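Residue numbers (the working numbering), protein chains in the order written: chain G, 1 to 271; chain Z, 1 to 750.
Since the hints were derived computationally from the structure, they do not count as laboratory data.
Given the structure is predicted, the values throughout are model-derived calculations rather than measurements.
Beta carbons: idealized from backbone N, C-alpha and C, even for Gly.
Treat the hints loosely; a few may be bogus.
To be verified - In silico contact screen, one side only, chain G against chain Z (beta carbon under 8 Å); selected entries:
id, residue
1, Y19
2, Q22
3, N212
4, D257
5, S268
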Amino acid sequence: MTDIDIDIEQYKVTEEPFYEAQDDEVALYAAAYEARLPVMIKGPTGCGKSRFIEHMAWKLGKPLITVACNEDMTASDLVGRYLLDADGTRWLDGPLTIAARIGAICYLDEIVEARQDTTVVIHPLTDHRRQLPLDKKGELIDAHEDFQLVISYNPGYQSLMKDLKQSTKQRFTGLDFDYPDSKTESEIIEKETGANAEISDKLVKIAHTARNLKGHGLDEGISTRLLVYAATLINKGIEPKAACRMALVRPITDDKDIRSTLDHSIESIFG
Amino acid sequence: MQESDLQAYRDKLKCSFPQIEECFEDYIQDCLRNLSNDGIENYLSGASLICMIGRGWEPVMIYLEEMPEMANRLGEPILEIVSKAVWDMSRTPNGKAIPPFMQCLPEASRRLGTLEQMQHFLDILFEMMETTTTSVHGHHKTHSSQGFPELLKQIPFLLNQLSLEGLKNWIEYGTRNYLSHPERQKDYFSLQSADSKAMLQRERHGTLYMDNERKLDMYLRSMWEDESYFVPYSLGFDEMRKPVPYYDHLGIRVPDVYDDLNGVSGLDRYRITIAHIAAHRKWTTPIIADNFSPFQRLAIEHLEDSRVEYLMLKEYPGLRKHLLALHPKPVEGDCNTETESCVRHRLAMLSRAILDENHGYKNKHILEFTAKFHDALKADDSSTKAMADIAILFTARTRLQSDQSPNIRFENTVVDYRDDNRHMWIFIEEGDEEEAFEDKRETKPQEVDIDGLPPRHYAEWDYNTSTFKPDWVSLYESIHPSAEAKDIDAILDKHKSLAKQLKAILDRLKPQQFVRVRYQEEGSELDLDVAIRSLIDYKCGAQPDPRINMSHKHDGRDIAVMLLLDLSASLNDIPAGSDQTILQLSQEAVSLLSWTIEQLGDKFAIAGFHSDTRHNVRYYHIKGYSEQFDDTVKARLSAMEAGFSTRMGTAIRHASHYLENQNADKKLLLILTDGEPSDIDVDDEQYLIHDTKKAVDEVSSKGMYSYCISLDKKADDYIQDIFGKSGYTVIDNVEKLPEKLPLLFTALTS
Numbered sequence: 001m002t003d004i005d006i007d008i009e010q011y012k013v014t015e016e017p018f019y020e021a022q023d024d025e026v027a028l029y030a031a032a033y034e035a036r037l038p039v040m041i042k043g044p045t046g047c048g049k050s051r052f053i054e055h056m057a058w059k060l061g062k063p064l065i066t067v068a069c070n071e072d073m074t075a076s077d078l079v080g081r082y083l084l085d086a087d088g089t090r091w092l093d094g095p096l097t098i099a100a101r102i103g104a105i106c107y108l109d110e111i112v113e114a115r116q117d118t119t120v121v122i123h124p125l126t127d128h129r130r131q132l133p134l135d136k137k138g139e140l141i142d143a144h145e146d147f148q149l150v151i152s153y154n155p156g157y158q159s160l161m162k163d164l165k166q167s168t169k170q171r172f173t174g175l176d177f178d179y180p181d182s183k184t185e186s187e188i189i190e191k192e193t194g195a196n197a198e199i200s201d202k203l204v205k206i207a208h209t210a211r212n213l214k215g216h217g218l219d220e221g222i223s224t225r226l227l228v229y230a231a232t233l234i235n236k237g238i239e240p241k242a243a244c245r246m247a248l249v250r251p252i253t254d255d256k257d258i259r260s261t262l263d264h265s266i267e268s269i270f271g
Numbered sequence: 001m002q003e004s005d006l007q008a009y010r011d012k013l014k015c016s017f018p019q020i021e022e023c024f025e026d027y028i029q030d031c032l033r034n035l036s037n038d039g040i041e042n043y044l045s046g047a048s049l050i051c052m053i054g055r056g057w058e059p060v061m062i063y064l065e066e067m068p069e070m071a072n073r074l075g076e077p078i079l080e081i082v083s084k085a086v087w088d089m090s091r092t093p094n095g096k097a098i099p100p101f102m103q104c105l106p107e108a109s110r111r112l113g114t115l116e117q118m119q120h121f122l123d124i125l126f127e128m129m130e131t132t133t134t135s136v137h138g139h140h141k142t143h144s145s146q147g148f149p150e151l152l153k154q155i156p157f158l159l160n161q162l163s164l165e166g167l168k169n170w171i172e173y174g175t176r177n178y179l180s181h182p183e184r185q186k187d188y189f190s191l192q193s194a195d196s197k198a199m200l201q202r203e204r205h206g207t208l209y210m211d212n213e214r215k216l217d218m219y220l221r222s223m224w225e226d227e228s229y230f231v232p233y234s235l236g237f238d239e240m241r242k243p244v245p246y247y248d249h250l251g252i253r254v255p256d257v258y259d260d261l262n263g264v265s266g267l268d269r270y271r272i273t274i275a276h277i278a279a280h281r282k283w284t285t286p287i288i289a290d291n292f293s294p295f296q297r298l299a300i301e302h303l304e305d306s307r308v309e310y311l312m313l314k315e316y317p318g319l320r321k322h323l324l325a326l327h328p329k330p331v332e333g334d335c336n337t338e339t340e341s342c343v344r345h346r347l348a349m350l351s352r353a354i355l356d357e358n359h360g361y362k363n364k365h366i367l368e369f370t371a372k373f374h375d376a377l378k379a380d381d382s383s384t385k386a387m388a389d390i391a392i393l394f395t396a397r398t399r400l401q402s403d404q405s406p407n408i409r410f411e412n413t414v415v416d417y418r419d420d421n422r423h424m425w426i427f428i429e430e431g432d433e434e435e436a437f438e439d440k441r442e443t444k445p446q447e448v449d450i451d452g453l454p455p456r457h458y459a460e461w462d463y464n465t466s467t468f469k470p471d472w473v474s475l476y477e478s479i480h481p482s483a484e485a486k487d488i489d490a491i492l493d494k495h496k497s498l499a500k501q502l503k504a505i506l507d508r509l510k511p512q513q514f515v516r517v518r519y520q521e522e523g524s525e526l527d528l529d530v531a532i533r534s535l536i537d538y539k540c541g542a543q544p545d546p547r548i549n550m551s552h553k554h555d556g557r558d559i560a561v562m563l564l565l566d567l568s569a570s571l572n573d574i575p576a577g578s579d580q581t582i583l584q585l586s587q588e589a590v591s592l593l594s595w596t597i598e599q600l601g602d603k604f605a606i607a608g609f610h611s612d613t614r615h616n617v618r619y620y621h622i623k624g625y626s627e628q629f630d631d632t633v634k635a636r637l638s639a640m641e642a643g644f645s646t647r648m649g650t651a652i653r654h655a656s657h658y659l660e661n662q663n664a665d666k667k668l669l670l671i672l673t674d675g676e677p678s679d680i681d682v683d684d685e686q687y688l689i690h691d692t693k694k695a696v697d698e699v700s701s702k703g704m705y706s707y708c709i710s711l712d713k714k715a716d717d718y719i720q721d722i723f724g725k726s727g728y729t730v731i732d733n734v735e736k737l738p739e740k741l742p743l744l745f746t747a748l749t750s
C-alpha cells in the first residue's frame, strides 16, 4: 500500500555482471545518471543492452527494476491496478510506481513493443516534474531522488507502426549500441563462457557472415548472445558444427537458401 | 584366315554392293574378335536384311562396320534389334532417315552403355517417328516425319547434355507442340528455335544456376562481403572452346550448370568458383602485362591463383577438401619432355604441390618453389607483385626447349573453378601492331522506345505433361487509353437510388476503430460494473462471475482488392432481353463497384486484359493502387473496349504480382469474365482451363483470395474446376450486374 513494505534489497544487483566496454558508454551513462537524465539505448538484439544496464546498476549501487514490454501491456501494467480481495478492492503498485517510490533505475526493455498510448504514462516522470500521477487512485507521487528511467529498443526490425512518438523520443538522451568489433566480441565470448580463443574467433567470423545478410533476407544478424550460447554448447562437449547449426542458424531463419548459405559458411570456417 | 572360310562368310551375306568387297575381310576379322559364332550368323543375316531395303550401300556399310563393337559393348541381341529396327523403318515413309539413324547409333551406344538403356532410347526414337509421321487422308501414313532426321543429327549432342529421361521430355515437348507445323517442328528438333533451347536448358542434368541464384548471391554477400551481378553462360553450345568463368565490371560470369564432380556437389562447385573469384577481387592487384612473355604470364597467373586460394583457405579452412577434390592431380613424369610442351603440366604440378601437402612429387624445382611460395606467405598476405617475381624465377629455372612445341599437354592441368585471370593484367599497349588501322567505330546508342514497357514472359501450365512451358506467353502492359470522364459520372447519376441503398450497407461495414470487449477473465482493465456485481454476488455467498475484466481491440479493415476485367470480343454481345451490351453493363457495374470501394477506403486497383495468341497478351491498367477514383480513372473506364480472346491464366499471374506487393491483411483478386478461357492459337479447350486453374492455385498459395464473377450461363461446366467450390458466382441475369456486383463485394469482404 505504501512505500514502507517494499523490499529494496531484492532489486539490488549483488554480483558484478560481466561487461566489456566498447567505447565510452560507461562514462556517458554515469554522467547522465548523475544528472538523473532519462536514457534511451538503441541497438540490435543481443548486443548487450540489458547487460550494460545491469552492470551500471551494480556499479552505481542502485536497485534495478526491469520491465519487458509487450503489445498486450497497458498503462495499468506499469502504474498499478486495483485488485479484488476479501474486503473489496486493493491497490497494487506497478513496477514503474515502485521504482519511483524507492528510487530505483526503471528499465523498460523493448519499449516500442508496447502500444504508443501506454508509453505516454512515462512522460511526467521524464521531464522536470518527475512525478507520477495515479489517476485511478487519486494519488500523485513525487519520484525518489535516485529514480531514473531507462528505455531500450531495437530500431532494426520493427515495422513502421512500431516507433516511438516524437514526444516520447525527445525526453531521452540516447546511446547507440552495436555488435562489438571482432576482437572485443571474441574476448567477450571467451570471458563469458571460458571457450578458447580459436573457437571464439571462428564463432565471430560466422556471425559476420550472417550480419552481412542483414536486409537481404535476414532481419537481424547473429547476436553476441547467440554466439555465447553456441560457445556454451561447445563447452558442453557438443561438436562445434552441430552446436553452431543449433545455436546460430536454426533460431534466426526458416529460409532454406539462407540456411544453406550459413551452413556452408560453418562448414568452411570450422573445416 | 583361310580363303575358303572367308568365302563361306561372304556367301552368307546376301548383298552385292561392290563397296563391301574391299573391307569385308576386315569386318570378319573384327567379328571373330568380338562375337560368338551365333553372333556372326546374326550379324550377317542382319546385314543382308538391311541390304534388302534398297537404301544403297551406306546403311549396310555402317552396320557392318559398327555392329561388332557395339554388340561387344551392349551384348549380341543388339544385332537383331538394330536390323529389325532398320527394316521397320524402311516400311514407313521415313526411309530417308535410315542413314542418319545408323550414324547416330555408335555414339548413342557409347553414351548409354547398356542394352536396356539402348532399348529405351530406340523406343523413344520410334515413338517420336510414329507420332510425327502424318497422313493427309485416310489411315495410311504417307508423309514422312519432318523432325525425325533433324533429331537424329542432334542425338550425339543431346545425349551429351541430357539424361534419357530428359531427352524423352524434350522430344515429347517438341512433338506435342509442333505436331501440325512441319517447319517449326524442324526448327525445334534441329535446335534452332528459342523454345527448343529453353526446353533443353530445363531438362539438363546437374545443378542449374537458375535454381540457386539466390543462394549464390547470399554466399558472395555473406562470406565475402562482396556484391556483383552473376551472368550465366552456357556450356552447351560451344564444343570447340569451352568458356571459363571470369569477371569484369559487368559482373561475374559463371556456367549455367555444374554437374557433381569427384564428390563435390554442383552447388559447392559454384561456391568454389565464386570463392576463387571473390578472393581475386579481394587480394589481387593488377600488374602491368607488357613486359612479360606469355609463359611468364601463365606462371604468374598460376602462382597468383595459388596465393588467393591460400589466403582463402586461411579464412575458410573447410573449403580445402573441395579444392583438393577439384584440383587436377598431374602425375609426375606423365608429360614427355621430348615430344610435348610441358609448361602447363609443370605449373599444374606446382599449383597442386602448393595446395596439397601430400603431393608426393620428387621434382626438385617443384619442391623448391613450393617452399619459396610458403615462405613468401608466411608473414603476411604477400602480393601479386611478389608472386610475379617467384613465377619469373620459376619460368627461368625450368625452361625447356620443348616448351615451344605446339603439342601442349593439357591433360590433368585444367583447374575448372579458376577464372581466366583477365582482371590481373594492365595492358599499356593495345597490341603488337602499333599502327592498328581500324579506329574504333562509334556506334550511336539506339533510341530507347519509352512508350511501352518491355514484355513480361510468363510460363504456362501444360496439363498433358504436368509441366510448365517456360516463358511461353508474352504480356505487354500499358495504361488504358482515356475518353470522357463525364460518361461515368452519368452512369453513377443514373444509379443514384442504388447508390443510396449501397451507402446504407456501407455505413454498417465501415470499420469501428476501437471495440471494447467485455466479460473477459483476463483483460487490460477492470470492468468496474461487472466487478462490483461480482463482489456483491460474492458477499451474498453466491458464485461470483470471474469475468470482470475488459479489453479493447482494433477492428480495422485492411483489404487490398484487384479487379481484373476480361475485355474479350464477346463483351460486345447484347444479352437476350436487354438493350445494352455486356460491355456497357460491365462498365456500369465496375463504376458502381469502384465508387463503393472508394467509400470504404480499401486499397483498390482495376485492370483489363485480352489476348491475341500467346505472343500478345495485353494488360491495361485502368486504376492503380495509388490513384483515387477521380476523373483520370473515370476517363479510362469510359474508354473500355472489347476485342480478341481470353488468356486468363497469364493475366491472373500478372495481376496477382501487383496485388502481392500490397501491404494488407487480406488480398482479394476479383475476376469479372463472360466466358471460359480461350485463345485462337489453342485447339484444346481444356488446356487454358487447366492453366487458369494452376494460376488460381498459385494465387491462393501466396495467401491471396481469388473470386470469379462469371456472366456465362454455361459456366457451371468449367468454372468450379478453376475457382473451386466457393470461389465463384454466376450471374445469369446480366442486367442485374450493376446492382449485384457491389453487393457481392460487400458481402465478400464483411
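Taking the hints in turn, this is what the structure says about them:
no.: 1; hint: Y19; result: violated (29 Å)
no.: 2; hint: Q22; result: violated (21 Å)
no.: 3; hint: N212; result: holds (5 Å)
no.: 4; hint: D257; result: holds (5 Å)
no.: 5; hint: S268; result: holds (4 Å)
Hints 1 and 2 from the list above are not met by this structure, while the remaining hints are.
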